[in-house]
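Protein chains: 2
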Amino acid sequence: MTRSNSKTPAAGIKWAGFCRPFSSKAALNDVIGNDTDSSVAVMEPQERVDPFSLVANELSLIATRLRSMVAAEVPNLASAAEYFFKIGAEGKRFRPTVLLLMATALDVHIPELSPPGIGDTLPTDLRTRQQRIAEITEMIHVASLLHDDVLDDADTRRGVGSLNAVMGNKLAVLAGDFLLSRACLTLASLKNTEVVTLIATVVENLVTGETMQLTTASNKRFSMEYYMQKTYNKTASLMSNSCKSVALLAGHTAEIAMLAFEYGKNLGLAFQLIDDVLDFTGTSASLGKGSLSDIRHGIITAPILFAMEEYPQLRAVVDKGFDNPANFDIALEYLGKSRGIERTKELAMKHANLAAAAIDSLPQSDDEDVIKSRQALIDLTRRVITRNK
Amino acid sequence: MTRSNSKTPAAGIKWAGFCRPFSSKAALNDVIGNDTDSSVAVMEPQERVDPFSLVANELSLIATRLRSMVAAEVPNLASAAEYFFKIGAEGKRFRPTVLLLMATALDVHIPELSPPGIGDTLPTDLRTRQQRIAEITEMIHVASLLHDDVLDDADTRRGVGSLNAVMGNKLAVLAGDFLLSRACLTLASLKNTEVVTLIATVVENLVTGETMQLTTASNKRFSMEYYMQKTYNKTASLMSNSCKSVALLAGHTAEIAMLAFEYGKNLGLAFQLIDDVLDFTGTSASLGKGSLSDIRHGIITAPILFAMEEYPQLRAVVDKGFDNPANFDIALEYLGKSRGIERTKELAMKHANLAAAAIDSLPQSDDEDVIKSRQALIDLTRRVITRNK
Numbered sequence: 001m002t003r004s005n006s007k008t009p010a011a012g013i014k015w016a017g018f019c020r021p022f023s024s025k026a027a028l029n030d031v032i033g034n035d036t037d038s039s040v041a042v043m044e045p046q047e048r049v050d051p052f053s054l055v056a057n058e059l060s061l062i063a064t065r066l067r068s069m070v071a072a073e074v075p076n077l078a079s080a081a082e083y084f085f086k087i088g089a090e091g092k093r094f095r096p097t098v099l100l101l102m103a104t105a106l107d108v109h110i111p112e113l114s115p116p117g118i119g120d121t122l123p124t125d126l127r128t129r130q131q132r133i134a135e136i137t138e139m140i141h142v143a144s145l146l147h148d149d150v151l152d153d154a155d156t157r158r159g160v161g162s163l164n165a166v167m168g169n170k171l172a173v174l175a176g177d178f179l180l181s182r183a184c185l186t187l188a189s190l191k192n193t194e195v196v197t198l199i200a201t202v203v204e205n206l207v208t209g210e211t212m213q214l215t216t217a218s219n220k221r222f223s224m225e226y227y228m229q230k231t232y233n234k235t236a237s238l239m240s241n242s243c244k245s246v247a248l249l250a251g252h253t254a255e256i257a258m259l260a261f262e263y264g265k266n267l268g269l270a271f272q273l274i275d276d277v278l279d280f281t282g283t284s285a286s287l288g289k290g291s292l293s294d295i296r297h298g299i300i301t302a303p304i305l306f307a308m309e310e311y312p313q314l315r316a317v318v319d320k321g322f323d324n325p326a327n328f329d330i331a332l333e334y335l336g337k338s339r340g341i342e343r344t345k346e347l348a349m350k351h352a353n354l355a356a357a358a359i360d361s362l363p364q365s366d367d368e369d370v371i372k373s374r375q376a377l378i379d380l381t382r383r384v385i386t387r388n389k
Numbered sequence: 001m002t003r004s005n006s007k008t009p010a011a012g013i014k015w016a017g018f019c020r021p022f023s024s025k026a027a028l029n030d031v032i033g034n035d036t037d038s039s040v041a042v043m044e045p046q047e048r049v050d051p052f053s054l055v056a057n058e059l060s061l062i063a064t065r066l067r068s069m070v071a072a073e074v075p076n077l078a079s080a081a082e083y084f085f086k087i088g089a090e091g092k093r094f095r096p097t098v099l100l101l102m103a104t105a106l107d108v109h110i111p112e113l114s115p116p117g118i119g120d121t122l123p124t125d126l127r128t129r130q131q132r133i134a135e136i137t138e139m140i141h142v143a144s145l146l147h148d149d150v151l152d153d154a155d156t157r158r159g160v161g162s163l164n165a166v167m168g169n170k171l172a173v174l175a176g177d178f179l180l181s182r183a184c185l186t187l188a189s190l191k192n193t194e195v196v197t198l199i200a201t202v203v204e205n206l207v208t209g210e211t212m213q214l215t216t217a218s219n220k221r222f223s224m225e226y227y228m229q230k231t232y233n234k235t236a237s238l239m240s241n242s243c244k245s246v247a248l249l250a251g252h253t254a255e256i257a258m259l260a261f262e263y264g265k266n267l268g269l270a271f272q273l274i275d276d277v278l279d280f281t282g283t284s285a286s287l288g289k290g291s292l293s294d295i296r297h298g299i300i301t302a303p304i305l306f307a308m309e310e311y312p313q314l315r316a317v318v319d320k321g322f323d324n325p326a327n328f329d330i331a332l333e334y335l336g337k338s339r340g341i342e343r344t345k346e347l348a349m350k351h352a353n354l355a356a357a358a359i360d361s362l363p364q365s366d367d368e369d370v371i372k373s374r375q376a377l378i379d380l381t382r383r384v385i386t387r388n389k
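Protein chains in written order, with our numbering: chain A, 1 to 389; chain B, 1 to 389.
There's no promise every hint is true.
Since the list can't tell identical chains apart, any single copy or any two copies may satisfy a pair.
[Said to hold, decoys possible] When the alpha-carbon atoms are kept at most 30 Å apart in a straight line, the in silico BS3-like pairs for lysine-lysine are as follows:
#1 220 with 337
#2 350 with 170
#3 170 with 337
#4 320 with 170
#5 372 with 337
#6 372 with 170
#7 320 with 372
#8 170 with 220
#9 350 with 320
#10 372 with 220
In short, the hints are calculated from the structure, not lab data.
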């Protein structure tokens, strides 16, 4: 079922240097392996559904559960619940959206759930269990933001005062720990130790990624391989392992679970690569309009790493650090005349395409909801690449 | 098998205001329900074994595993591993010692392990699984110390520079998160979701306890009930739930698991009550020789709460806070003329006795190791009360 890369892209759908056909009748037929009768399965472009609206009701349910849980159980942490919902709506809904869409996209042949174990009183309904994964993922994501805020003394995150700045380190650490313990409790309620292991690995990866970022060794800071591993740990591990968890809960085969994992991994990598570009460019196309916060903190990301390949003398500049503003300008100058930004976007595109290919490789389905959700997942790979914030 | 409280204590064993007979032949017979032939089962006092040395080999194994795990996996966190082993030896071994002794103490009728599930490649040997609980408990304990250090800007903990002071908040939060994720991974490897739930509850209790301590509402700060709940959350939950986990892994009944829980809970409460006394008295018997760090931070503990019952005017003094040193002296004066310290010690003793009673209530055993371990657990209840550091 994997679409051949050599195929001519559907007319009218051109996407930067890469071609990623989607949402046209021909392309969708290709995805779903149905070239004859597509009256139900294929939506015309004007019928395309926004990925977020496709799961809006469930997203709202999950948001309410998360908010009431934090507020009700620990009144002192109510401000943490506020934080949940004040940060940019896009950011806060992205992960649950992916997971709910994945749940429907994999809803091909849902096997009977294995009989519940003794004392198993918690959610046996598959969809509810998958919603729990979305909640757990959001809890872990917010916990990592809270703890990162402590780490970095960040005053703002996405334009909103960080909980840390408003409430102090004390509450930020506690709120993060609380969310982690709630995530762990919710995980335990699913009574699937393979999923517990996957999600525990995510938390470990988040820490390892943050620790990798602290390194001062040049051979690591200036290594693209090290950067990609760090990016996987910090960003892609959560998405890949939670997607895989959604598949495993549904009782899918290891092959299907791996496709879900590959989707999440490559979407996460593409997302972060674009994030690293935006840190330089901001909403404009020009250098230096972003917050430049990474390089100011000595964090070397893909654009600089690619620029270094063209201009090895940039290494010495970066090694000196940026206490001297002149040095900072020199580094940006090298980046500007290099293909660093362009190559980073290309790499992001490659991973977005790999994510889409994973969805294309799923077994075919005639179910309209399944097809819509798969289309939405592919649509997200495009949104991640084309976003400018 | 529960010993009657009205029984005359064994001659020669008097313990403060309470009588807690132990380690005499008569008392041990009473514990093990064997009044006739005790040639093997009963140890003479001079044969009593130090609780720590009874499990020294396993403790060393666990310490090595913990140290190598942290150092090997995340070199940047190696300093956290150092921290593990630099803090007072007593403190660091207390929890694993209790759990290993409990494992042996419950080794009455170990049932066959249920057959391992699919993909279950991890420890199936019961004793190894119980050792994992000891490791998990130590990881969670150290993680909470690390995060508490961030919270309180503690410069020292037990005379050793805190990781926070030496390495900064960044590494302290990361090291704590890393230990929590490792604890979660180790938990998952045990493939027992009831145990996962118990331990996840512990982490939540630790956070809730810390949050409760932040409250500024007088009706909570000055409530003995609130204080005891906070103390359970912050100290006793970890011990009680891990003791229960050791019992559950061995396949014991709910009744036995509850006795293990009660032992851990009451030992933890007694431990913390004495800690709160020592904060005032230090190693001396007189007031004001301790670090007085609780009251300096506005944390109201049992001695002050009991003093308030005798001298209600102390409430107004405490409510003013201790920015004014004169106010501080007035509070200590009230405490000194009250029975606050004495009543706190009595309450600690009551809980120590309840812990010992839980061990006494276990089904009898003729196994020498079982008897020795039970004696050691009872011995620990005495050590917790009589310690002066």
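Checking each numbered hint in turn, tell me which of them this model violates, lowest number first.
Structure breaks hints 2, 3, 5, 6, 7, 9, 10.
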